[in-house]
Structures are given as structure tokens and as C-alpha cells.
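Asker: Sequence order for the protein chains is A, B, C, D, E and F. Counted the way my numbering counts, the first sequence spans residues 1 to 145. Counted the way my numbering counts, the second sequence spans residues 146 to 290. Counted the way my numbering counts, the third sequence spans residues 291 to 435. Counted the way my numbering counts, the fourth sequence spans residues 436 to 580. Counted the way my numbering counts, the fifth sequence spans residues 581 to 725. Counted the way my numbering counts, the sixth sequence spans residues 726 to 870.
If you're looking for bench data, these hints aren't it; they were derived computationally from the structure. Among the hints, erroneous ones may be present.
[To be verified] Stretch-level coverage of chain A by chain B, calculated; a stretch enters the list once three of its residues show a Cβ under 8 Å from a Cβ in chain B:
no., segment
1, 8-16
2, 55-66
3, 76-82
Here a beta-carbon is modelled for each residue, glycine too, at the ideal position from N, C-alpha and C.
The chain contents come next:
Protein chains: 6
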Amino acid sequence: MVYITRKATFSAAHRLYNPKFSDEENERIFDKCNNPLGHGHNYVLEVTVAGHPDPDTGYVLDLKELKAIIDREIIEAVDHKHLNYDVPFLRGIIPTVENLVVVFWRILESKLPSGKLYRIRLFESDANWAEYYGEPVEVKVQEEG
Amino acid sequence: MVYITRKATFSAAHRLYNPKFSDEENERIFDKCNNPLGHGHNYVLEVTVAGHPDPDTGYVLDLKELKAIIDREIIEAVDHKHLNYDVPFLRGIIPTVENLVVVFWRILESKLPSGKLYRIRLFESDANWAEYYGEPVEVKVQEEG
Amino acid sequence: MVYITRKATFSAAHRLYNPKFSDEENERIFDKCNNPLGHGHNYVLEVTVAGHPDPDTGYVLDLKELKAIIDREIIEAVDHKHLNYDVPFLRGIIPTVENLVVVFWRILESKLPSGKLYRIRLFESDANWAEYYGEPVEVKVQEEG
Amino acid sequence: MVYITRKATFSAAHRLYNPKFSDEENERIFDKCNNPLGHGHNYVLEVTVAGHPDPDTGYVLDLKELKAIIDREIIEAVDHKHLNYDVPFLRGIIPTVENLVVVFWRILESKLPSGKLYRIRLFESDANWAEYYGEPVEVKVQEEG
Amino acid sequence: MVYITRKATFSAAHRLYNPKFSDEENERIFDKCNNPLGHGHNYVLEVTVAGHPDPDTGYVLDLKELKAIIDREIIEAVDHKHLNYDVPFLRGIIPTVENLVVVFWRILESKLPSGKLYRIRLFESDANWAEYYGEPVEVKVQEEG
Amino acid sequence: MVYITRKATFSAAHRLYNPKFSDEENERIFDKCNNPLGHGHNYVLEVTVAGHPDPDTGYVLDLKELKAIIDREIIEAVDHKHLNYDVPFLRGIIPTVENLVVVFWRILESKLPSGKLYRIRLFESDANWAEYYGEPVEVKVQEEG
Numbered sequence: 001m002v003y004i005t006r007k008a009t010f011s012a013a014h015r016l017y018n019p020k021f022s023d024e025e026n027e028r029i030f031d032k033c034n035n036p037l038g039h040g041h042n043y044v045l046e047v048t049v050a051g052h053p054d055p056d057t058g059y060v061l062d063l064k065e066l067k068a069i070i071d072r073e074i075i076e077a078v079d080h081k082h083l084n085y086d087v088p089f090l091r092g093i094i095p096t097v098e099n100l101v102v103v104f105w106r107i108l109e110s111k112l113p114s115g116k117l118y119r120i121r122l123f124e125s126d127a128n129w130a131e132y133y134g135e136p137v138e139v140k141v142q143e144e145g
Numbered sequence: 146m147v148y149i150t151r152k153a154t155f156s157a158a159h160r161l162y163n164p165k166f167s168d169e170e171n172e173r174i175f176d177k178c179n180n181p182l183g184h185g186h187n188y189v190l191e192v193t194v195a196g197h198p199d200p201d202t203g204y205v206l207d208l209k210e211l212k213a214i215i216d217r218e219i220i221e222a223v224d225h226k227h228l229n230y231d232v233p234f235l236r237g238i239i240p241t242v243e244n245l246v247v248v249f250w251r252i253l254e255s256k257l258p259s260g261k262l263y264r265i266r267l268f269e270s271d272a273n274w275a276e277y278y279g280e281p282v283e284v285k286v287q288e289e290g
Numbered sequence: 291m292v293y294i295t296r297k298a299t300f301s302a303a304h305r306l307y308n309p310k311f312s313d314e315e316n317e318r319i320f321d322k323c324n325n326p327l328g329h330g331h332n333y334v335l336e337v338t339v340a341g342h343p344d345p346d347t348g349y350v351l352d353l354k355e356l357k358a359i360i361d362r363e364i365i366e367a368v369d370h371k372h373l374n375y376d377v378p379f380l381r382g383i384i385p386t387v388e389n390l391v392v393v394f395w396r397i398l399e400s401k402l403p404s405g406k407l408y409r410i411r412l413f414e415s416d417a418n419w420a421e422y423y424g425e426p427v428e429v430k431v432q433e434e435g
Numbered sequence: 436m437v438y439i440t441r442k443a444t445f446s447a448a449h450r451l452y453n454p455k456f457s458d459e460e461n462e463r464i465f466d467k468c469n470n471p472l473g474h475g476h477n478y479v480l481e482v483t484v485a486g487h488p489d490p491d492t493g494y495v496l497d498l499k500e501l502k503a504i505i506d507r508e509i510i511e512a513v514d515h516k517h518l519n520y521d522v523p524f525l526r527g528i529i530p531t532v533e534n535l536v537v538v539f540w541r542i543l544e545s546k547l548p549s550g551k552l553y554r555i556r557l558f559e560s561d562a563n564w565a566e567y568y569g570e571p572v573e574v575k576v577q578e579e580g
Numbered sequence: 581m582v583y584i585t586r587k588a589t590f591s592a593a594h595r596l597y598n599p600k601f602s603d604e605e606n607e608r609i610f611d612k613c614n615n616p617l618g619h620g621h622n623y624v625l626e627v628t629v630a631g632h633p634d635p636d637t638g639y640v641l642d643l644k645e646l647k648a649i650i651d652r653e654i655i656e657a658v659d660h661k662h663l664n665y666d667v668p669f670l671r672g673i674i675p676t677v678e679n680l681v682v683v684f685w686r687i688l689e690s691k692l693p694s695g696k697l698y699r700i701r702l703f704e705s706d707a708n709w710a711e712y713y714g715e716p717v718e719v720k721v722q723e724e725g
Numbered sequence: 726m727v728y729i730t731r732k733a734t735f736s737a738a739h740r741l742y743n744p745k746f747s748d749e750e751n752e753r754i755f756d757k758c759n760n761p762l763g764h765g766h767n768y769v770l771e772v773t774v775a776g777h778p779d780p781d782t783g784y785v786l787d788l789k790e791l792k793a794i795i796d797r798e799i800i801e802a803v804d805h806k807h808l809n810y811d812v813p814f815l816r817g818i819i820p821t822v823e824n825l826v827v828v829f830w831r832i833l834e835s836k837l838p839s840g841k842l843y844r845i846r847l848f849e850s851d852a853n854w855a856e857y858y859g860e861p862v863e864v865k866v867q868e869e870g
């Protein structure tokens with residue numbers, strides 16, 4: 001197996017907040033990430049696909065095609081958006097970097113024309129990031145307050 | 146003269162929007178940056194000070210002190226905030242990267258204990274940034290809609 | 291004046307070679323950059339425009355528009371091309387990073403809808419780059435050998 | 436086991452092209468990467484070796500020695516070269532980033548004085564890269580057209 | 581499992597040297613890293629923790645808390661210090677990047693309030709780094725000369 | 726004029742300390758940078774030369790030649806050294822990044838075979854740096870304590 005990666009970027013606002021917590025609890029748990037009007041990041045998304053290079057093209061998967069899939073399935077939905085309100089597939093999900101990698105995996109996993117999704121890595125900043133390899137994980141959908 | 150620079154970062158949401166324009170005009174002019182609930186960035190701020198190294202310390206200005214000034218005057222006000230609503234010194238100002246460098250200059254210019262403010266550089270992303278050297282520029286305060 | 295910059299990238303092959311020199315001279319002067327079949331780089335191009343922020347938009351020049359101009363005038367002509375053979379506006383010009391910044395300036399200077407071209411910076415690698423501010427410079431067109 | 440990595444860089448031209456395809460097929464499959472005179476990249480190569488730190492030196496493998504091996508075995512052959520024509524160990528191999536990591540693995544695997552080759556990672560640009568861990572993979576040598 | 585990473589940096593001096601070797605052997609083995617008065621680096625430390633996102637917070641581990649642990653346990657001890665002399669938990673240990681990742685693992689492993697330590701990565705420069713995943717490894721404590 | 730830049734790196738230890746100050750004053754003024762056994766950095770040095778591209782080579786100055794000059798005049802003296810003790814041209818000079826850019830300028834200014842030294846930029850970390858353009862500045866040589 002060879003593992004190929006394509007990087008994409010998006011800029012989005014988000015707020016960490018759980019409607020089941022009181023304002024004080026949200027403030028204590030999420031601290032400055034709980035600012036009511038949100039804050040934002042330039043996210044960097046890396047999608048890694050595992051497979052065998054095709055003998056006639058040398059490609060595991062054409063990286064231009066992988067880019068087009070990432071753009072169509074993820075970037076168009078999240079770029080220059082507010083992750084708590086504007087993105088249908090994130091409704092009710094606390095947009096931590098941990099939850100985002102799992103949601104993105106579930107969207108992309110079935111969309112690849114060849115190869116197998118191996119890793120989703122998402123940087124919220126150059127100091128904070130999450131990686132996900134498809135192991136079973138629950139992402140809870142919060143009831144709205 | 147020697148020029149020293151200190152880098153700082155902050156994460157914020159913003160929206161490009163002018164209340165005097167119709168929704169259609171805002172959409173046409175500011176495009177995806179006009180998303181009503183905002184989007185966000187990891188901003189990188191570089192502050193450059195010009196001066197002579199002190200003969201006994203070798204410092205133009207202690208960079209730890211410069212960092213403390215940037216943090217107190219700028220970063221605390223904008224980090225993990227929405228630039229359109231949460232920041233008193235930005236009220237009514239369209240938060241483009243061009244306007245932000247001018248506003249930050251005006252705040253920092255008088256706060257330096259030694260040396261002279263030479264340049265403010267602000268990256269909105271690693272592909273887009275503005276620089277300002279203190280030349281006369283007008284930053285208009287919009288009347289709220 | 292405020293200075294705004296937009297970054298773009300392109301990947302290209304080139305060869306440093308002057309047809310008026312003998313093979314030995316080309317080899318001695320240009321060393322490994324003289325490899326007959328060429329070598330290549332991921333170039334990073336930064337275009338800086340100076341101007342006053344428009345009072346109603348806060349833009350010196352819409353960076354999306356600047357990106358479109360850079361793409362149309364420069365990137366489409368040079369990306370995934372051989373700079374010695376495939377690019378009409380580089381015919382006969384030794385494609386050093388010094389010559390490229392001057393040629394790119396001459397192309398872009400008259401294409402800006404607002405603001406004034408201030409600087410072209412071109413990175414051939416993260417260790418080698420050139421900057422140009424429009425001062426008079428001659429770029430010689432070599433007679434083909 | 437501890438995993439140590441040494442990074443190296445090289446600049447090269449390449450063209451994606453299979454002589455068994457028609458010009459139209461090459462154009463459709465490889466798109467702008469099929470430009471007849473080639474294009475180029477600043478490649479970044481990371482070589483990771485696994486092993487136990489020697490009790491008396493604290494080294495898994497002296498990174499200066501690893502650098503010398505990478506330079507001698509790979510960089511000297513590919514730096515400032517055209518990967519399709521100038522490199523004996525790449526003859527007939529479509530120089531995709533997937534194929535390159537496998538070929539580089541096969542060259543380096545037997546050259547380490549201590550430790551065991553663990554991973555080859557090769558960046559074609561900062562948005563596209565491949566990793567290889569030595570699992571069985573076929574890299575086809577194309578018959579020349 | 582989701583894997584989250586927090587990056588931290590520190591600046592330190594070190595010298596590679598084993599008191600059981602003669603000066604000539606130290607010079608031959610460690611080369612310029614054996615300079616008697618030491619040299620230094622801006623180290624970049626990445627700590628990765630594996631776990632399940634908490635259903636109510638979306639956190640594997642609050643990255644601000646992880647940062648506080650890294651700062652308290654590692655950074656305060658090593659930042660702006662000489663690694664051979666100033667750091668109690670490194671006494672007698674040759675401060676190669678391989679040995680440092682193992683020592684840092686042993687310190688951090690028991691300090692996490694949730695999740696499980698998965699990887700320590702330490703960059704000595706942007707060209708040299710080590711990774712450690714907790715596999716059994718001996719780090720020898722040298723007798724002082 | 727075209728401005729070309731070559732980047733180089735070195736790793737060194739240093740200590741900020743003035744023998745005319747008491748230990749308490751040194752501690753108060755230089756804080757953690759005053760650690761008696763020193764600390765260290767991966768320094769990044771950028772040297773910019775201004776000139777006209779030679780009509781027959783397209784070079785302001787061959788960047789390989791500029792690299793050789795930087796290596797011979799600066800890097801060999803400072804790489805893997807302690808800046809306070811090991812470097813003859815820094816004796817008695819407090820090795821702040823401000824003082825270093827001025828000293829490096831004075832060494833390099835007369836060594837260029839063509840073009841004119843325009844700027845020295847030195848990064849102590851990716852958050853702290855100094856630039857110098859040759860304006861008259863005094864760098865004091867301290868009497869040893």
C-alpha cells in the first residue's frame with residue numbers, strides 16, 4: 001500500500017457551547033472558545049487515501065480528483081461559514097476539531113472512486129490538531145436548547 | 146537604525162458588510178466574505194519597531210516587553226472574538242485586513258517605551274496580508290444600519 | 291498608503307543557459323542549473339499593491355480580483371510549463387528569478403483596476419528569492435543559438 | 436523503538452505520460468501534468484528509520500550519516516535533473532509521487548548501517564504527498580514508445 | 581479513537597558528549613555537536629493523545645489543559661536552559677533527540693487526566709526529528725566523568 | 726535594481742549578560758535569557774543583495790556564490806558554537822539579535838563580488854527577528870568582568 005495525501009484549507013467561524021449546560025458551565029468548560037458570537041480559524045484539512053498505484057498511470061487516485069471530491073463534499077459546505085449554524089451535516093454537533101474529523105470521515109469514506117480512506121487530519125491552528133483513522137467513535141448530536 | 150519584529154497570533158470571526166449597501170450589493174461586493182453569521186481566521190500579526198540598540202543591553206526594545214504590549218493592547222481585545230461586534234475600537238469599521246492594520250497602528254504607536262513603530266503586518270491567511278507604515282490614511286466609521 | 295499582498299504558486303521547469311556561450315561556459319557559469327533537459331521548482335509569487343482603502347469597502351483592491359488577475363496574466367501561462375520553451379512572454383529571456391520578477395512586473399503593472407503595483411517577490415525555493423519594485427532595469431533578450 | 440527522520444530536498448522536472456496511451460488519452464488522464472516539455476517541483480523527501488538508541492551515543496543512527504546516505508543514493512541522482520530522462524533507476528517508470536516513494540524505498544532499504552527503514556514520505560508540493568512503509572507494491576516499468 | 585495533538589516550543593542549549601569516551605572519540609562520534617560550550621536549538625514538541633471525544637464536550641482532552649500539563653512538566657524545566665546541566669530529569673543522559681522523546685514520554689505518560697498518551701514527536705530542527713510511541717526502550721544514564 | 730536573497734541557518738547557544746551589571750540586574754533585565762549556562766536557537770539568516778541582472782547571465786549575483794560567502798564568513802564561525810565564547814568577531818558583544826545583524830553586515834558588506842548588500846535579516850525564532858539596512862549604528866564592546 002502507498003498512502004497519498006491532499007491538503008485543502010477553509011476559513012470558518014465556530015463557537016464551543018452545549019445547550020444542556022448553564023452559561024456558567026459553558027464558560028468554565030469552553031473558556032474563550034465559548035464567546036457567544038463565535039471566533040474563527042483558518043482550518044487545514046489533510047485527507048489520506050491508501051491503495052496500490054495503478055500500473056498504467058502510477059496513481060493510487062488522481063490527486064486532482066481527490067481535491068475535487070474534498071472541495072465538493074466538504075469545503076463548499078464549510079468555507080467562509082459559521083460551523084454551528086450554516087452547515088447541515090454539523091447541526092447539533094459541538095464543532096471541536098475531534099468531532100469534525102469524525103464527521104468529515106463519514107462523509108468522505110464512501111465517495112472515493114479508488115483506494116481506501118486512511119486518515120483525516122484537521123488543524124485548527126498550527127498548534128492544535130486532530131487525526132482520525134475510522135475506528136468506532138460516537139459523535140453526539142445535542143438537542144437544541 | 147535596526148528593525149526588530151515580534152509576531153503574535155489571534156483567532157477571530159468577522160464579516161465583510163456595509164450597512165449602507167443593499168443585501169445584493171453586499172453579496173456582490175464582498176461575496177463569500179459577506180456570510181451573515183461570519184467566518185473566521187487565524188490572524189498573524191507582526192509588529193516592527195525601529196531604533197538603536199541600547200549600548201548596555203543590546204536591545205532596541207525588549208521583545209518580551211513588546212510582546213506584553215501587543216498582548217495587552219491588541220490580542221486580549223480580538224482573540225477568540227467576533228471583530229464586527231465584540232471589539233470596542235473596531236465599532237463601525239469594516240474589518241478588512243487593510244483597515245485592521247491602520248487601526249492597530251493607531252493603538253500601538255503611542256505605547257512603545259523606546260524605539261519608533263515602523264510597520265504593522267497582518268496576515269488573514271498565508272495567501273492574503275496587508276502592511277502599513279503610518280502614512281496618512283482614512284479609515285471610515287460606517288453608520289450602523 | 292496601505293500595502294496588500296496576494297500569494298500564488300506555480301510549478302514549472304526551466305534551464306539556465308545562454309546560446310552565445312559554449313557548452314563549457316554554460317556548464318561553468320550555470321552549473322547544475324544548466325542540465326540540458328531542465329529541472330524544476332514550485333515557485334511562490336507574491337504581488338503587493340499600494341493604495342488607500344476605499345471608504346465604503348475597506349479594500350485597497352479586492353484580493354479575489356487581484357488573484358484573478360495574477361491567475362489570468364501569469365499563472366495560466368507558466369504553471370506546469372517549461373519556462374524556456376512554453377511561455378511566449380519569456381522567449382529568449384534567461385529564466386533566472388531576477389529576470390522573472392522584472393518580466394512579471396511589466397505584465398501586471400498596467401492590469402490593476404485600482405492601487406499601484408508596489409512589489410513583486412518570487413521564491414524559486416524557500417532559500418532563494420528575488421524582489422522587484424519597478425526601478426529601471428534591463429532584461430536582455432538573447433538571440434537564439 | 437524510536438523513529439528518527441531526516442529531511443532532504445531536491446528540485447527536478449518531470450512529465451506524466453505513458454507511451455502506450457495515445458496523445459489524447461495522456462492529455463485526458465494526466466491533464467496539465469502531461470505538458471510535453473515537462474514542468475517541475477521542489478520535492479521534499481523525509482526518510483524515517485526505526486531502532487533503539489545506542490546506549491553510549493544516544494543515536495538510533497547518526498543523522499549526519501543518514502543525510503550522507505540520502506544525498507549519495509538519491510539526491511545526487513535526482514537534484515536539478517529531469518526525472519523522466521536523466522535518472523537511471525527511474526527509466527521507464529512514470530514519475531508520480533506514489534511510484535517515487537516506492538523506488539526510493541527499494542534503494543535505501545539495504546543501505547542503512549543500523550536501524551530499519553520505516554517510512555519514506557515525499558512531498559511534490561505542500562498540498563500533495565505520498566508515504567510508503569515497505570508493504571508489497573508493484574511499480575510497473577513501461578515499455579518505451 | 582481520535583488522536584489530538586498539541587504543539588509547544590522551547591529554546592535550549594545542549595552538547596553531545598559521553599564522559600566514558602576520550603576527547604578524540606567524542607569529537608569523531610559527535611562531530612560539531614560535541615562543541616565543549618554547547619550549541620542550541622529551537623525545539624518543537626508535539627504531544628499526541630488518543631481517546632474518545634466526550635459526548636457532552638466533544639473533547640478527547642481539553643487542549644488548553646494539555647498545554648498546561650506540557651508547560652508545567654516539560655517546558656518550564658527545559659526552556660532557556662542547558663539540557664546537559666540545568667535539567668534534573670536529564671542528568672547523565674546524552675541529550676540526543678532520540679533520548680529526549682523517551683524521557684518526555686515517561687514524564688507525561690502518567691499525567692493525563694483523560695485519554696492515553698499516543699506519540700511524542702520532537703523536532704531539533706526542521707530537518708531532524710524523532711518520534712516515540714511508548715515501546716520498550718532503554719535510555720542509559722552515563723556515569724559522570 | 727533587483728533584490729535577491731539567500732537564506733542560511735545555524736544552531737548556536739548564547740546568553741544575554743552584561744558584566745557591568747550585578748547578577749540581580751542581569752536577571753531582571755535579561756530574565757530567562759540570562760541563564761548562566763546559556764540556551765540556544767536555530768537561527769535563520771537572510772542576506773539580500775541589490776543590483777542589476779547581468780545581461781548575459783540574468784544574475785545579480787550567483788546565489789550559489791552568495792551561499793558560499795555566507796557559509797565561509799558567517800556560518801562556519803557560528804554554527805554549533807556558543808556565541809558568547811566561541812566566535813572571535815563577537816567577543817565582548819552582547820549577542821542580541823539586534824547586535825548580531827549589525828555585526829554580520831559589517832563582515833559581509835565588503836565581501837560581495839557584485840551587487841550591493843541591502844539587508845540582513847536574522848530570525849532567533851519564528852516569533853522574534855531583526856533587520857538591518859546599514860544605517861549608522863553603534864554596537865558596544867563590553868569590557869570583560
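Asker: Which numbered hints turn out to be false for this structure?
Answerer: 2
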